[in-house]
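So the protein lines, in turn, are chains A and B.
Numbered by this note's numbering, the letters in the first sequence go through residues 1 to 123 in order.
Numbered by this note's numbering, the letters in the second sequence go through residues 1 to 594 in order.
It is possible that part of the hints are untrue.
[Unchecked claim] Where chain B lies over chain A, by a calculated footprint (3+ residues, C-beta under 8 Å):
(1) 14-24
(2) 99-113
[Claimed, not checked] Pulled a few chain B residues facing chain A out of the computed Cβ check, cut under 10 Å:
(3) P384
(4) T386
(5) K389
(6) L396
(7) G398
(8) M400
(9) V403
(10) P404
(11) L422
(12) I425
(13) V440
Hints listed in this document are in silico derivations from the structure and should not be mistaken for laboratory results.
Since the model is a prediction, treat every value here as computed from it, not as a measurement.
Even glycine gets a Cβ: it sits at the ideal position worked out from N, Cα and C.
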Amino acid sequence: MSGKVLIVEDEIALSDVYKTLLDQAGYDVRVAENGEVALGVAEEFQPEMILLDLRMPVLDGIGFLHKYDLKNAHPDVKVVVFSNYDMQKEIDEAYSLGAERYLLKAWASPKELIELVKTTLGK
Amino acid sequence: MIQRLRSVALTHLRALRVKRFFSSTYLIALTIGFGIVLCLLTVLSARALHIANQDMVEVAIERRKREDALEINRAMSAHSQALLSSVGLMNSVRMTPEVWGRFIASYRSEDAFPAMFAIGAAEYIRSENIPELEARLSDQYQRPVEVFPRPTGEFSEPVLYVERGDSLAQQTIGLDMMQLPERNEAAELATDTNSIVLTDPAHIISDTTTLEEDPRSAIFMFAPYYVIGSDLSTVEKRQRAIRGHVYIAFHTQELFSKIFSENNFNNIRLVIYQKDDPEKDLLYASPNISAHRRQQNVKTDLTLLNKTYTLEYQFNAASILSPVQRYAPLLTLLFGLTISIVLPALMHNIVRARQNALHFANEQKIKKAQDELLSLASHQLRTPATATKQYIGMVLQGFMGDVPKEQQAFLQKAYDSNERQLRIINDILHVAKLDAGRIVPSMKPFDITATVKGVLEDTASDVRKAGITIRRQLGRSYMLTGDEYMIRMIVENLVSNAIKYTPSGGKVTVAARREAHGYHLSVTDTGIGIAKQDFDRLFKQFSRIESDHSATVPGSGVGLYLAQNLAHLHGGKIKVVSKIGKGSTFTLYLPKNM
Numbered sequence: 001m002s003g004k005v006l007i008v009e010d011e012i013a014l015s016d017v018y019k020t021l022l023d024q025a026g027y028d029v030r031v032a033e034n035g036e037v038a039l040g041v042a043e044e045f046q047p048e049m050i051l052l053d054l055r056m057p058v059l060d061g062i063g064f065l066h067k068y069d070l071k072n073a074h075p076d077v078k079v080v081v082f083s084n085y086d087m088q089k090e091i092d093e094a095y096s097l098g099a100e101r102y103l104l105k106a107w108a109s110p111k112e113l114i115e116l117v118k119t120t121l122g123k
Numbered sequence: 001m002i003q004r005l006r007s008v009a010l011t012h013l014r015a016l017r018v019k020r021f022f023s024s025t026y027l028i029a030l031t032i033g034f035g036i037v038l039c040l041l042t043v044l045s046a047r048a049l050h051i052a053n054q055d056m057v058e059v060a061i062e063r064r065k066r067e068d069a070l071e072i073n074r075a076m077s078a079h080s081q082a083l084l085s086s087v088g089l090m091n092s093v094r095m096t097p098e099v100w101g102r103f104i105a106s107y108r109s110e111d112a113f114p115a116m117f118a119i120g121a122a123e124y125i126r127s128e129n130i131p132e133l134e135a136r137l138s139d140q141y142q143r144p145v146e147v148f149p150r151p152t153g154e155f156s157e158p159v160l161y162v163e164r165g166d167s168l169a170q171q172t173i174g175l176d177m178m179q180l181p182e183r184n185e186a187a188e189l190a191t192d193t194n195s196i197v198l199t200d201p202a203h204i205i206s207d208t209t210t211l212e213e214d215p216r217s218a219i220f221m222f223a224p225y226y227v228i229g230s231d232l233s234t235v236e237k238r239q240r241a242i243r244g245h246v247y248i249a250f251h252t253q254e255l256f257s258k259i260f261s262e263n264n265f266n267n268i269r270l271v272i273y274q275k276d277d278p279e280k281d282l283l284y285a286s287p288n289i290s291a292h293r294r295q296q297n298v299k300t301d302l303t304l305l306n307k308t309y310t311l312e313y314q315f316n317a318a319s320i321l322s323p324v325q326r327y328a329p330l331l332t333l334l335f336g337l338t339i340s341i342v343l344p345a346l347m348h349n350i351v352r353a354r355q356n357a358l359h360f361a362n363e364q365k366i367k368k369a370q371d372e373l374l375s376l377a378s379h380q381l382r383t384p385a386t387a388t389k390q391y392i393g394m395v396l397q398g399f400m401g402d403v404p405k406e407q408q409a410f411l412q413k414a415y416d417s418n419e420r421q422l423r424i425i426n427d428i429l430h431v432a433k434l435d436a437g438r439i440v441p442s443m444k445p446f447d448i449t450a451t452v453k454g455v456l457e458d459t460a461s462d463v464r465k466a467g468i469t470i471r472r473q474l475g476r477s478y479m480l481t482g483d484e485y486m487i488r489m490i491v492e493n494l495v496s497n498a499i500k501y502t503p504s505g506g507k508v509t510v511a512a513r514r515e516a517h518g519y520h521l522s523v524t525d526t527g528i529g530i531a532k533q534d535f536d537r538l539f540k541q542f543s544r545i546e547s548d549h550s551a552t553v554p555g556s557g558v559g560l561y562l563a564q565n566l567a568h569l570h571g572g573k574i575k576v577v578s579k580i581g582k583g584s585t586f587t588l589y590l591p592k593n594m
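Take these sequences, add in the hints, and give me the full structure.
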């Protein structure tokens, strides 16, 4: 498998493990700790998929989506939003900005996560 | 982060430390004490008013006594003066009826001598001189005059002149006073003492032919006149020198009426009688006042000349006082007692309400602090737990190569344990958010039958592992308006509980009943059952029913609390029936539309 995945997540423990997992699965992975940094990395890395955490300092997920202009500027990039349950509003907003799916961070097992990435990139 | 945790914990502890200001007992004791104090004050005030009233009555009566005595004395004094001047006249002129008449006319004004019935003069003569006297009088009066009744003793004292010009008075000319005992007694006393004397109560003659008496009480005032220039130093000398008496006749009732005419007798009845003899010789009785219970009597003695009279005041304290004064003590008592009940009760309620409000606010603060603390902690715990899940999962799911069977089992246990941890964290965070009102259900129509089926599929492996069977009676689809994720959580909670509490070999039944207005989902287990007294606690936050079995059963303790809350959010509820040893049935009811 191949594919360029950008992980945008402020919790280092989590971004580490997801990077490890995706590396192991053979993807090309980059990490950004907030939306602001993510813009820069995305510019340079040109990811095919972004796993985007919504709650981050400096520039959060929604802010990133606005600035990244997903629908118009990067219509081919697949964005999966990480969230917790109570963020329904934000999830809806993310969808309206072009996000593909959402994923409850704590629940997906490694297998499920990989499956998700595979399916999403396959579309 | 640590700072934040610490500050929240501190708020929590500080809030816990705030105690109630007053305990319930203390407040009640205070209230009662307050009430008693007010009662006492009331009683004292009412009593004071009552005593003041009594004093006022006493003062009023005293004043009346003084005023009446003054008036009586003044009147009698005036009459005495009239008598004395008549005596002077008798001593200085040769008396004739005309002279007497003119003299008296100058006195007899109603103002100065109220109620003087008649004023007359009598002469004390030897009975043998009566014919001579009769002749003189007949001449003076131009008609025959006789002394009557025919005197039998050595002396007599016929009336010579009398003024009150009418015929009745004129008929008294010649009347022998000595034969009328009260008059005689007074006349003799006057002679002996050379002073003005009053008779005992007697009667005025109303018919001189029959000597019939006017029944009305009368007294006579006598003054002696002696031979001019005689030595009056001893009783014998006075008796030798006496020439006759001048007298005034009174109807006593009329006399006192005229004296008191200006006084207001509305409230006070006055009775005058000769001392110690109220029945026989009533001299005066004021117009009646209505007889009241609690009538008071005040007596006073009044000495006039030679007699002592008793003035008896009968009154009703209530009528001396104005209605306001009269009822003031009672009203004060009633009002005061009412206040002493109402005011403390009011105070008690207000303080209690305030306390409760404060207590409630405090509890809210504590709860909020609690939630915040838990939220914060849980939130922070979630990240490492999630990371652990991924790492162990990666090894378990073969991403790091094959895993030997023994190691797989252990890793699986670690993975499961971590899953449970995540669930607990999740539940706690849910609860905290619920309490803070931060969870808003997103209401959309969905098929609940499908949701339940989904949950059962997800838990199929748990069911197999637990060695129990599931029976389902779900029926067709049923559309509900609600937040599907939340409803799913409730169903998951009920089903996982049932699985947890059913021992191996047991059965869990999931049955649905569809109605027009709502949907019922029953989850029945064949577990240990729940005691009735534990029902309430089941749904409380962070409670777990302690039993032998539950020690081995995993659970976060917030599941049912959360489930119930989520049900409430949808206008529904969860009910439970249970039998110890047989099992429990939890029924979720959801309305079709909220």
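Status of the hints after comparison with the structure:
Taking a C-beta to C-beta cut-off of 8 Å, the segment 14-24 of chain A contributes 7 residues in contact with chain B, enough for the three needed, and the coverage statement holds. With 7 residues having a beta carbon nearer than 8 Å to a beta carbon of chain B, the segment 99-113 of chain A meets the requirement of three or more and the stated coverage holds. With a cut of 10 Å, the hint placing P384/B at the interface with chain A holds, because the nearest CB-to-CB distance is about 6 Å. Hint on T386/B holds. Least Cβ distance to chain A is approximately 5 Å, under the 10 Å limit.
With 10 Å as the threshold, the beta carbon of K389/B comes within range of chain A, its nearest partner Cβ sitting at about 7 Å, so the hint holds. Taken as an interface hint, L396/B checks out: its beta carbon lies about 8 Å from the nearest beta carbon of chain A, inside 10 Å. With a cut of 10 Å, the hint placing G398/B at the interface with chain A holds, because the nearest CB-to-CB distance is about 9 Å. Hint status for M400/B: holds, given a least beta-carbon distance of 7 Å to chain A, under 10 Å.
Evaluation of the V403/B hint against chain A yields a violated restraint, the C-beta minimum of about 13 Å exceeding 10 Å. Taking 10 Å as the C-beta contact cut-off toward chain A, the hint placing P404/B at the interface is violated, the least distance being around 19 Å. Checking L422/B against chain A: minimum C-beta separation of about 5 Å stays under 10 Å; hint holds. With 10 Å as the threshold, the beta carbon of I425/B comes within range of chain A, its nearest partner Cβ sitting at about 8 Å, so the hint holds.
Annotation: interface hint on V440/B holds; nearest CB of chain A at approximately 8 Å, less than 10 Å.
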